[in-house]
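In order, the protein sequence lines correspond to chains V and D.
Residue 1 is where the first sequence starts when you use the UniProt record's numbering, and the numbers rise one by one after that.
Residue 1 is where the second sequence starts when you use the UniProt record's numbering, and the numbers rise one by one after that.
Hint data in this document are derived by calculation from the structure and do not stem from the laboratory.
Mixed in with the good hints there might be a few duds.
Remember, identical chains collapse to one label, so a pair may be satisfied in a single copy or spanning two.
With a straight-line Cα cutoff of 27 Å, these simulated BS3-like cross-link-like pairs (lysine-lysine) come out [as the list claims (entries may be wrong)]:
| hint | residue 1 | residue 2 |
| --- | --- | --- |
| 1 | K126 | K210 |
| 2 | K124 | K530 |
| 3 | K461 | K426 |
There are 2 protein chains.
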Amino acid sequence: GAMLAAAGLQLRHALRAQWRASGPAFVGAAERSGPRALRARLAATATQEKNDQKQEQKQGKQAKPTVQEEALKITPRAEDYNQWYVDVIDRADLVDDAPVRGCKILRPAGFAIWENIQRLLDPKFKRLSVENAYFPLLIPVSFLAKEAAHVEGFATECAVVTHHRLRSVQVAGKNGETTSSVEVDPDSELADPYVVRPTSETVVWHMYGKWIKSYRDLPMRMNQWVNVMRWERRTKPFLRSAEFLWQEGHTAHATKEEAEAQAREILDVYVWLAQEQLGLPLFPGRKSDRERFAGADETYTIEALAQNGMAIQAGTSHFLGQNFAKAFDVQYQTEETGDFKYVWATSWGVSTRLIGATIMAHSDDTGLVLPPAVAAIQVVIVALFHKKAETQNAIFEAAKALRDTVEAQGIRVHVDDRVGLKPGLKYFEWERKGVPLRIELGARDLENGVGMAKRRTGGDKFQVSLSDAATEVPQALDSVRLALRERSEALKERLTTRIGSRAEFDARLEASEIGMMLVPWGGDSDDEEKLQEDTGVTLRCYPFEQDPLPEGQACPLTGKPARIWALFAKSY
Amino acid sequence: GAMLAAAGLQLRHALRAQWRASGPAFVGAAERSGPRALRARLAATATQEKNDQKQEQKQGKQAKPTVQEEALKITPRAEDYNQWYVDVIDRADLVDDAPVRGCKILRPAGFAIWENIQRLLDPKFKRLSVENAYFPLLIPVSFLAKEAAHVEGFATECAVVTHHRLRSVQVAGKNGETTSSVEVDPDSELADPYVVRPTSETVVWHMYGKWIKSYRDLPMRMNQWVNVMRWERRTKPFLRSAEFLWQEGHTAHATKEEAEAQAREILDVYVWLAQEQLGLPLFPGRKSDRERFAGADETYTIEALAQNGMAIQAGTSHFLGQNFAKAFDVQYQTEETGDFKYVWATSWGVSTRLIGATIMAHSDDTGLVLPPAVAAIQVVIVALFHKKAETQNAIFEAAKALRDTVEAQGIRVHVDDRVGLKPGLKYFEWERKGVPLRIELGARDLENGVGMAKRRTGGDKFQVSLSDAATEVPQALDSVRLALRERSEALKERLTTRIGSRAEFDARLEASEIGMMLVPWGGDSDDEEKLQEDTGVTLRCYPFEQDPLPEGQACPLTGKPARIWALFAKSY
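Just chain V, with the same shape it has in the complex (with noise of 0.2 Å):
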């Protein structure tokens, strides 16, 4: 298996490599194609695949795979867990390099995702009267300067714009001919230059001061679905690049009051969407004073677990106290006395760092696992081949029925009826490509009125009745949705741990997942600086969920006297 394995390996290396050389100079017709066609063909010409899909049947079990199928092979977690994630994410076809550094390109695979997070939150904030805008991408480098925390933590690795024009060039070629090209025009230096959006609590801020004057004008709640740019040096797909996706509400308040539960509320939003939507094993709870936000009174933060038992900030919600409104003189007159008072406020986002987490949670050595709420494709109906064109036509008929009667239930459906490629190929594609439920259909199955399921999360494969799939498949969606939350409350279970000593802490930093360490916590920031240096451990959370801490109690790590029960890990 490992040979066969490391073979297939090198060979996908090799075809990826000749894949993407440039250039029929260089590579023969024969092995110019694409890694899709290159399957396609490689699949229907090899001759190890003879045996059909009765065979598959009777032997009750998946077919060996093949070279052509190790080529596609993803590297098992238990062997290298990092390169896993990244395969993962390259057989799905989710993103791509960009030709900037840093910076990945969505495929239609991946912004699916991201376009189902936004149809799930959207409404959620609409419902609690947060209205979208549109704010500037740009960002006056002054700006920056004003709130003294914030410029600490953004002022810094940003896309920074210094010129508005280009200008064409006449250049030497190697064989001495000219040929144009463009460069920058030193002369269309800007006086003031700008930096693409890191984040926009400068510039909503500005506005907010301009839009509010009166205890009328509040609450203002604003949310933005957009991308924003960091100068990131070491990248990771989804869990952190140069450019990336996310949505930024925030809101401005009469009082201290309304805005903390403003920013609680929104945190609730953003558990109920990683919690229950996306089955994250998930941990909500409080920053401490060195992990929050630049410029927030108080941050609070979902922390999702990885199966390789590290952390992930999947979403934060920030109370800012009046730190901008007194950075960006925001006052609003009050109702009672007339006189003026700075307002309160909000920021808060989530990130296509969601969807990072999310793989990173539910995948398995076979691919992506997509919980049903956000696959791009819910259910997959494959159609079996039948070599009799009248039974083929029927498997074909029945296959397009079912998908109008689950599409009819708000279910996003694909048939897949290719010809000519073996069934277990199909099999493997759309579970390497994480669709929760996959239906076949063929002659035995049409003549007992059932399709064959199987759910990506594993089990027996199981009847579904033609005739009540209205009813049976939306069931068995949201059982895939329970098993992932079943098995995301197992991992939390199995990498929680409760940390009595300094003894019980060290041995946890030797395990191959360490997991979330819970520590009767009493340190500060410099505790926490120099165990992140000696470590790499962090500070997650305060996690909301807090036990009584044992009488007189003291903090393992420090020694001092413990005040609040704390999450430790080491995180992306």
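We have chain V already, so just place chain D on it with the hints.
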């Protein structure tokens, strides 16, 4: 009237100036409040506002406008069309100036229109098998030089990213103290600068070169909803700004015919949106060589007419031939022979410009008029005041019940139950904001089981049965859509002139509203250029609808034999 109007305008400007002045040091507490609050306060205290709803109904007409209402007044079109446009947008709170040169902020009321355009268009694209994706914001400068014609069109006025870091500096203040500031870190200069995308053909085609290898990969159809930037010198809200929102579609095809059909198919979708949904006075057609997109073989366009007789290019769909395929070496292996051929391409887009065209087509001297399809609020229910608490509550309850009924029909409804605000002011506000249908609900109406409805497009008030609201309200809304369509057709009729001679052409140029001039055209690009230099008029399109040209017809503008009917106009 004119005196009062002028006084009102002055007052409005003075109030706005006060309101915008920052800092309590310059503005006394009494004056310091937003226009919303200001209006409300003025309205509540003004003595000439004594005539109540009853009296208003007796008179059977709107009360004479007060000085306060004049302060919110909109410059009439006849007086100053361009100021009218700006006023309409301002009074409806659609946009505000961003602190970035040439950029506007889309406030919630403005963004909602775009959101509704997205909601209409996106499913249409998906039905045409177009998938959404996300390509990077930044484009390497060198990419722009790859397609010869494209570089001329786009590699000029761009936002250029040259650095990737800011640094903190200490700046000496006025009083000798030092304060922290930030500036561009000169050590962070990029070896290869980027531009903020003005359009994404180059990066899309770079990626298509990686993704397209075989006939099996075709057709490839992607779209993205994104922000783009072009460093425009002169800006106008919605119609021209440095940053704007749009969708850009990019497709690749095996054959020329398929690509050409795709470009036309998308234009049909744009016509559906602009003509049927937005009700614009529309001229779909083909661009001349001179007006074509930089890098296209053919550009299809929808040209909308403004009420002042100017044209607005409201959407384009390009057949790109093999230009980008060749520039980025995108070839596919054919099924038949296995050899390699360049693919055929299209690109197409509509932007927030559509909103500008919509305002210019429909709005009036009272303010914004929105087509129901894109109005944020389609129906406003104004619950009228009643001094008896019991009756007032019954009115509120009935308003909410009506809202629920109408909402259940998928209609966006708002209940205006503000107290202490005269009905006339409420009506005025919702008219200014372009709500297509208003339903008033008072005690007597309730007794009769009706609401009094009024279309934003004019006509008498009419009764809507509360029990049949589920059918009557959608019908009333659709009648607004039809009224806009009819009005647009009349505008087209009135402002389209068939030009038989140069004298007729010159006479049109002297008209206050030039409109569309249909010319039996025989000129070439040079003639177009000269015509534009002499008259400011450009060739908007060759309309798809072509009457037969009379035998031996000469072009009245060039004297050459006429080839085709062409539309000329001045344009935004």
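Against the structure, the hints:
no. : hint        : result
1   : K126 / K210 : within (23 Å within a copy, 40 Å between copies)
2   : K124 / K530 : neither (40 Å within a copy, 56 Å between copies)
3   : K461 / K426 : within (16 Å within a copy, 62 Å between copies)
This entry does not satisfy hint 2, going by the numbered hints stated previously; all others are met.
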